[in-house]
Amino acid sequence: MTRQEVLDLYFMDARSKLIDLAAFFDRVERASGESDFRLAALEQALALLHSDQPQKAKAVLLSLSDPTTEPIAKAPGKGACGAWPGAQPAA
Amino acid sequence: MRYIEPHGHMVSRTTDDYEAMVTAGCAAVCEPAFWAGFDRSGVEGFHDYFCQLTDYEPKRAARFGLPHFCWLCINPKESEDVALAEDVLGIIPKFLDRPNVLGIGEIGLNKNTRNEMQILERHVDLAATHGQLILVHTPHLEDKLKGTRLILDVLKADSRIDPGRVIIDHCEEHTIERVLDAGFWAGITLYPESKTTPARAVDMYELYGQSNIWLNSACDWGRSDPLSVPKTALEMRRRGHSAATIDRLIFQNPARFMGQNPRFQLREGA
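Heads up: the sequence lines are chains A and B, in that order. Residue numbering for the first sequence follows our numbering, beginning at 1 and increasing consecutively. Residue numbering for the second sequence follows our numbering, beginning at 1 and increasing consecutively.
Some hints could be false.
Unchecked claim - If you anchor each label on the Cβ, the simulated ranges turn out as follows: (1) B:Pro192 - A:Leu49: 32 to 40 Å; (2) A:Ser51 - B:Ile91: 46 to 54 Å; (3) B:Asp16 - A:Ser35: 17 to 25 Å.
As the list claims (entries may be wrong) - Below, in silico cross-link-like pairs of lysine to aspartate or glutamate (DMTMM-like), each with a Cα-Cα straight-line distance of 20 Å or less: (4) A:Lys56 - B:Glu177; (5) B:Lys94 - B:Glu19; (6) A:Lys17 - A:Glu34; (7) A:Lys58 - B:Asp48.
Calculated directly from the structure, the hints in this document are not laboratory data. Just so it is clear, CB atoms sit at the ideal spot from N, CA and C, and this is done for glycine as well.
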């Protein structure tokens, strides 16, 4: 596809998602209380979109991933939250 | 249009979903064993579940002329309980001869624990011992990268495993290259929030090769769409892909992988 064709197909969808994201940050700012590591992880990933490097989706996914390589001793639960909280105390 | 749903948890779906899938062109549905949303209390629960997958569910699909196949295992969410997992591994062989069983799956990891790794290795051994195809679940979200690496290490360490007989599912942009580069098949899962959207799935298909990839909905009891594969075909049409290219991705590719098991037979003319 040409860039024009990509814009024709996907611009409105990207615009909508961008405004949703902006509204999310507004909502977080208006809310009271402390945030957690997920907000910082999202802000860090957002900065990757300013890069002139290709494969931005891959870069965002990598930035939100657990980079460690060893299995952990015990499952803390069954679910995942979408961002890596950082190094945990050794089990 | 024709397509195959290679990964759908139909025990969690309504009969209306079967009707909608067949109306959209579904020619076969394949159901890996998975987590019920709660932990089963003993091996008897798995025995009943395997009976459901190999007896009741094929009959329900057959009411719509839809061939139903399945994969057997204890899923990684419950394999943290090693004693239970060993009990379940012990009953799987007696189900492997059932006519709709394609292989062992969806095995893999969830939180990347030592116990999960141990049971993954036991499943890989079971599949190798019985000459079964393998379907692998990779973890969710922040755990996917690490889990995919660990899973590849386990599979590559067993010389009996032919990568061409293993599909590693739920790949995303940060994992798909290493899966395909290692010679394994890659599955892309279409979910409303997590995993991938139709647009990203087609991006990966265009970027990372078009031969050993399949698409699936992994529809289950959570937010998911049993029609997401045909909807992705529509996305491909919007980008100008030919009917032949779409057919290769959503019908021929899954048929080629699962056709390695001679039990995978479609209705004449599908």
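Each hint tested on the structure:
A beta carbon spacing of about 22 Å between Pro192 (chain B) and Leu49 (chain A) contradicts the range 32 to 40 Å that was offered as a hint. A C-beta distance of roughly 51 Å is found between Ser51 (chain A) and Ile91 (chain B), which places it inside the suggested range of 46 to 54 Å. Distance hint check for Asp16 (chain B) and Ser35 (chain A): the Cβ-Cβ separation is about 42 Å, which falls outside the suggested range of 17 to 25 Å. For the hint pairing Lys56 (chain A) with Glu177 (chain B), the CA-to-CA distance comes to about 15 Å; that is within 20 Å, so the pair holds.
At most 20 Å may separate the alpha-carbon atoms for a hinted pair to count; Lys94 (chain B) and Glu19 (chain B) exceed this at roughly 32 Å. Taking the CA atoms of Lys17 (chain A) and Glu34 (chain A), the gap is near 25 Å; set against the 20 Å cutoff, the hint is violated. With a C-alpha separation of about 41 Å, the suggested pair Lys58 (chain A) and Asp48 (chain B) falls outside the 20 Å cut-off, and the hint is violated.
In summary, the structure is inconsistent with hints 1, 3, 5, 6, 7 from the numbered list given earlier, while agreeing with the others.
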